[in-house]
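**Student:** In case you want the letters, here they are:
There are 2 protein chains.
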Amino acid sequence: MFNKEVYIRRRKTLMEKMAATAPEGKRGLALFIGNVEAPAQYKDNAYKFRQDSSWIYFFGLQEPRYAAVLDLDSGEEKVYADDVDMDDIVWMGPQPSVAEIAAGFGVSRTASYGALDADLARAAAGGRRIHFLPPSRYYNTMKLASLLGYTYEEVAKVAPGEGKHASMELVKAVISMRLVKEDIEIAEMDKAGAIGQKQHSVARDAIRTGIIEQSIVGLMDGVTLAEGWGVSFPTILTQHGETLHNHLHDKIIEPGRLMVIDAGAENNEGYASDFTRTYPTSGKFTAKQRDVYQIVADCNELAFEMTRPGVTYYSVHKAMEHLMLSRLKDLGIIIGDADEAAELGVAGLFMPHGLGHNIGLDVHDMEDLGEDLVGYDDDQKRSPLLGLGNLRMARKLVPGNFISDEPGIYFIPALIAQWKAAGTDKGHVNYGLLEKEYLDFGGIRLEDDVLVTADGARRTGPCRLPIQPDDVEEAMARANALRR
Amino acid sequence: MFNKEVYIRRRKTLMEKMAATAPEGKRGLALFIGNVEAPAQYKDNAYKFRQDSSWIYFFGLQEPRYAAVLDLDSGEEKVYADDVDMDDIVWMGPQPSVAEIAAGFGVSRTASYGALDADLARAAAGGRRIHFLPPSRYYNTMKLASLLGYTYEEVAKVAPGEGKHASMELVKAVISMRLVKEDIEIAEMDKAGAIGQKQHSVARDAIRTGIIEQSIVGLMDGVTLAEGWGVSFPTILTQHGETLHNHLHDKIIEPGRLMVIDAGAENNEGYASDFTRTYPTSGKFTAKQRDVYQIVADCNELAFEMTRPGVTYYSVHKAMEHLMLSRLKDLGIIIGDADEAAELGVAGLFMPHGLGHNIGLDVHDMEDLGEDLVGYDDDQKRSPLLGLGNLRMARKLVPGNFISDEPGIYFIPALIAQWKAAGTDKGHVNYGLLEKEYLDFGGIRLEDDVLVTADGARRTGPCRLPIQPDDVEEAMARANALRR
Numbered sequence: 000m001f002n003k004e005v006y007i008r009r010r011k012t013l014m015e016k017m018a019a020t021a022p023e024g025k026r027g028l029a030l031f032i033g034n035v036e037a038p039a040q041y042k043d044n045a046y047k048f049r050q051d052s053s054w055i056y057f058f059g060l061q062e063p064r065y066a067a068v069l070d071l072d073s074g075e076e077k078v079y080a081d082d083v084d085m086d087d088i089v090w091m092g093p094q095p096s097v098a099e100i101a102a103g104f105g106v107s108r109t110a111s112y113g114a115l116d117a118d119l120a121r122a123a124a125g126g127r128r129i130h131f132l133p134p135s136r137y138y139n140t141m142k143l144a145s146l147l148g149y150t151y152e153e154v155a156k157v158a159p160g161e162g163k164h165a166s167m168e169l170v171k172a173v174i175s176m177r178l179v180k181e182d183i184e185i186a187e188m189d190k191a192g193a194i195g196q197k198q199h200s201v202a203r204d205a206i207r208t209g210i211i212e213q214s215i216v217g218l219m220d221g222v223t224l225a226e227g228w229g230v231s232f233p234t235i236l237t238q239h240g241e242t243l244h245n246h247l248h249d250k251i252i253e254p255g256r257l258m259v260i261d262a263g264a265e266n267n268e269g270y271a272s273d274f275t276r277t278y279p280t281s282g283k284f285t286a287k288q289r290d291v292y293q294i295v296a297d298c299n300e301l302a303f304e305m306t307r308p309g310v311t312y313y314s315v316h317k318a319m320e321h322l323m324l325s326r327l328k329d330l331g332i333i334i335g336d337a338d339e340a341a342e343l344g345v346a347g348l349f350m351p352h353g354l355g356h357n358i359g360l361d362v363h364d365m366e367d368l369g370e371d372l373v374g375y376d377d378d379q380k381r382s383p384l385l386g387l388g389n390l391r392m393a394r395k396l397v398p399g400n401f402i403s404d405e406p407g408i409y410f411i412p413a414l415i416a417q418w419k420a421a422g423t424d425k426g427h428v429n430y431g432l433l434e435k436e437y438l439d440f441g442g443i444r445l446e447d448d449v450l451v452t453a454d455g456a457r458r459t460g461p462c463r464l465p466i467q468p469d470d471v472e473e474a475m476a477r478a479n480a481l482r483r
Numbered sequence: 000m001f002n003k004e005v006y007i008r009r010r011k012t013l014m015e016k017m018a019a020t021a022p023e024g025k026r027g028l029a030l031f032i033g034n035v036e037a038p039a040q041y042k043d044n045a046y047k048f049r050q051d052s053s054w055i056y057f058f059g060l061q062e063p064r065y066a067a068v069l070d071l072d073s074g075e076e077k078v079y080a081d082d083v084d085m086d087d088i089v090w091m092g093p094q095p096s097v098a099e100i101a102a103g104f105g106v107s108r109t110a111s112y113g114a115l116d117a118d119l120a121r122a123a124a125g126g127r128r129i130h131f132l133p134p135s136r137y138y139n140t141m142k143l144a145s146l147l148g149y150t151y152e153e154v155a156k157v158a159p160g161e162g163k164h165a166s167m168e169l170v171k172a173v174i175s176m177r178l179v180k181e182d183i184e185i186a187e188m189d190k191a192g193a194i195g196q197k198q199h200s201v202a203r204d205a206i207r208t209g210i211i212e213q214s215i216v217g218l219m220d221g222v223t224l225a226e227g228w229g230v231s232f233p234t235i236l237t238q239h240g241e242t243l244h245n246h247l248h249d250k251i252i253e254p255g256r257l258m259v260i261d262a263g264a265e266n267n268e269g270y271a272s273d274f275t276r277t278y279p280t281s282g283k284f285t286a287k288q289r290d291v292y293q294i295v296a297d298c299n300e301l302a303f304e305m306t307r308p309g310v311t312y313y314s315v316h317k318a319m320e321h322l323m324l325s326r327l328k329d330l331g332i333i334i335g336d337a338d339e340a341a342e343l344g345v346a347g348l349f350m351p352h353g354l355g356h357n358i359g360l361d362v363h364d365m366e367d368l369g370e371d372l373v374g375y376d377d378d379q380k381r382s383p384l385l386g387l388g389n390l391r392m393a394r395k396l397v398p399g400n401f402i403s404d405e406p407g408i409y410f411i412p413a414l415i416a417q418w419k420a421a422g423t424d425k426g427h428v429n430y431g432l433l434e435k436e437y438l439d440f441g442g443i444r445l446e447d448d449v450l451v452t453a454d455g456a457r458r459t460g461p462c463r464l465p466i467q468p469d470d471v472e473e474a475m476a477r478a479n480a481l482r483r
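Residue numbers (numbering that gives the first Met the number 0), protein chains in the order written: chain A, 0 to 483; chain B, 0 to 483.
These aren't lab readings, by the way, just hints derived from the structure by calculation. Keep in mind that the hints are not guaranteed to be accurate.
Just so you know, same-sequence chains aren't split out, so a pair can sit in one copy or run between any two.
With a straight-line Cα cutoff of 25 Å, these simulated BS3-like cross-link-like pairs (lysine-lysine) come out [to be verified]:
(1) LYS156 / LYS42
(2) LYS47 / LYS197
(3) LYS42 / LYS250
(4) LYS156 / LYS142
(5) LYS142 / LYS77
(6) LYS380 / LYS42
(7) LYS42 / LYS163
(8) LYS435 / LYS395
(9) LYS283 / LYS395
(10) LYS42 / LYS171
So that you can see chain A by itself, here it is in the shape it has in the complex (with noise of 0.2 Å):
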């Protein structure tokens, strides 16, 4: 947790930004519900403890079951909470009070968690308005309901204006914040980017024939464990790359294959990294895994330079997209121009994703406040086409934004098959060699996070996890030599 002080001026800094919103007077209440414990098998046997997100970012408190509301017209602020009795103490040790915690974070005023419900029906009571955000859990999402008297569908829904939806203006003053990390902030991401790239070295030197992919899998969430909260989100690890999100990790590693581990930390704080790089399984590339695994290494570089305030990260995806297309026409599987082939949207069959999204204290940065609403300006909207329309992130960049850059090239059988037989790619695509000569390949992804500078972005973390081929297979070999 920060000092208070960086609580007191975030709440102070939302209230203002909500100032604007309405005349004073009729401005309402901002209701922050945390999480609580999130049963696995059974109601008293709960996964690791995650705080709700902007409830770190505006309270810092890691502890379940509290609520707050921010009084928007009065500037007074309120936590909801429950004091612990002998038998907690007993079970969970001696423990500081409500009140006292609470100070911890700036606010004076507490009550039960149970008052919550009636101090909300006299707000309501009086034709206030009560601002929240969506809720990401269900629990979240049942008391909401339950305290407001609205369905579990409109209390999901963001809208702007009175109604018995979350907040719009109160989701755009949260992005407005959140989009933007503070120095103190960017020091968490880098610890977190160093967790991440220890996460991923362990795993990139475990790797090797006939072991299970499952325990490399345990051995670098036992590192994000040891050192931060845990993995930022399920970890990939996977000799079929082409299926972007797999998390079944029960194979054997067989030899000649690609691996694609795409995975991160979150430190003790929350903060996320994210990285992902792509092995050959016998230690070597083949040849022509090596030539499209440098077509991907050149788009993430390329997206890296293009990297600074002012431009969008949309026309970085756009430029990338050029370039891994251009170059697989080098290889033979593009056909005709490449440049037009871009155009019409012919890199999404080989990368149906974004370049990055926004990284912070989630890894896909709000994504529960909208994902549009995050990750586009005003004036832009979505592509309609695979690949640049799965786009998280596309705003014009701003220093202080935190991104992922992950160009990837997959050969997916089924998507394959798909624009073959709806001609989707015009002409521009080789068919014949792709099925002759790519339908096992599977998948290469590399990904690094970017923090925008005032002056251009730099890279996560203490030093980079090796890319280029040749340091990889290096990397591999000295990993190698050790364990014999």
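Could you slot chain B onto chain A? The hints should help.
**Tutor:** For chain B alone, coordinates are given in the frame of chain A:
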């Protein structure tokens, strides 16, 4: 997953048991709602998926968003889940159909997940009773309430007969089956035990002063993820063992303390283990630590020796309390007749928890089906005393029961002060000695998992974790020598 015959047989047995609860034509349906993904940070960023334990028991499948209905009158079985589309194939790879998956656990009729609403509405309109188990997760609570038109509170409560509540009849039938482990389950329990013992061995070998507790927890969790599903409950690792459930690991390991490690693993099939050991942080017990430690080790051994079919675990707990107090009398902590003190419940001051609980697919097996229904025979009831009253498993033991044997002695300053002020011990406690010598002692707990066999009991796992104080010190010295 086991062979499909296992699940077919179990469901058949369940339907036979339910047939005894009502005449044919009046039995109704048994509804099972599997778990869905549990969001951690945002909706699409979920914790590692854990299926509902009763779902695992009757259907085996560890995939989210499945439901099933067993018709207790016709014997018809139907599974509800959604097939994947092209988008899913791109992100998750080619997937078998729901029909193929359901055939894998022996169900031939399938429908979409959404079809469940109409099927249940039709059954309800036809006046058929719908039996269901009490939900463990918020989603399942919401889903049941919404499917059946009941409130959260109604679906959470277990009651017999017609009503808006979870079905006591179904709960009892499920408990009667899950409480007695089949041979194939015992093999899985041993695997979970092996992982748990490795998890503990890694921890014991890593203990040294000056490092942060979290670094050991990460190693332990990593083992459980590399070899199984993960931890069977959040790891307890604390230098304040007197705090029974401490989940913070932010302390530096100090010399001269006792470190309680209570942790277990779940194997990939979902079966749990649960062990506790207590280590001297400096590698050697002090004389005072060793005295108390030996009492706990002897209590653990006594309980194991008494564990056999026909004996109630309630009586084992009581016998253990008598031994504990007579030995605490030898140390001067108990005054007067130790047996009389035991009958007054004085052991609860030093051990405010029960001797053990059932273990299976849940580490506190079936806790959400109702602790008394699971742990107590019809003619038994809970003691009002602290300690014995917290005993989760009191039943007369039968072969196939899997229970924990986990005595402990703790010196809890707040509880000691409370008892002293209230005179709860009726003159049997030497508070002067406790206050002079034991308020900073901490706590000790020693736990094994025990299978009740045909003629006695055996401990789980391939080999027992060192428990006698000399053996513990020797193991720690060996690890320390290797580290140099």
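**Student:** Hint by hint, say whether it matches the structure.
**Tutor:** Evaluated hints:
1. For the identical chains of this complex, LYS156 and LYS42 are inter-copy neighbours only, at 14 Å across copies versus 28 Å inside a copy, given an alpha-carbon limit of 25 Å.
2. In this assembly of identical chains, LYS47 and LYS197 lie within 25 Å of each other by CA distance both inside one copy and across copies; the values are 21 Å within and 21 Å between.
3. When the C-alpha separation of LYS42 and LYS250 is checked against a cutoff of 25 Å, the pair qualifies neither within a copy, at 32 Å, nor between copies, at 28 Å.
4. For a Cα distance limit of 25 Å, the shortest separation of LYS156 from LYS142 qualifies both inside one copy, at 15 Å, and across copies, at 19 Å.
5. For a Cα distance limit of 25 Å, the shortest separation of LYS142 from LYS77 inside one copy, 18 Å, qualifies, whereas the shortest one across copies, 32 Å, does not.
6. In this assembly of identical chains, the alpha carbons of LYS380 and LYS42 lie at most 25 Å apart only when taken from different copies (23 Å versus 43 Å within one copy).
7. Proximity of LYS42 and LYS163 under a CA criterion of 25 Å is satisfied inter-copy only: 21 Å between copies versus 30 Å inside one chain copy.
8. With identical chains, the CA atoms of LYS435 and LYS395 are never at most 25 Å apart, being 41 Å at best within one copy and 67 Å at best between copies.
9. In the homo-oligomer, the alpha carbons of LYS283 and LYS395 never lie at most 25 Å apart, since the shortest distance is 39 Å inside one protomer and 61 Å across protomers.
10. Only between protomers do LYS42 and LYS171 lie at most 25 Å apart by alpha-carbon distance; the minimum there is 19 Å, versus 35 Å within a single protomer.
Hints 3, 8, 9 from the list above are not met by this structure, while the remaining hints are.
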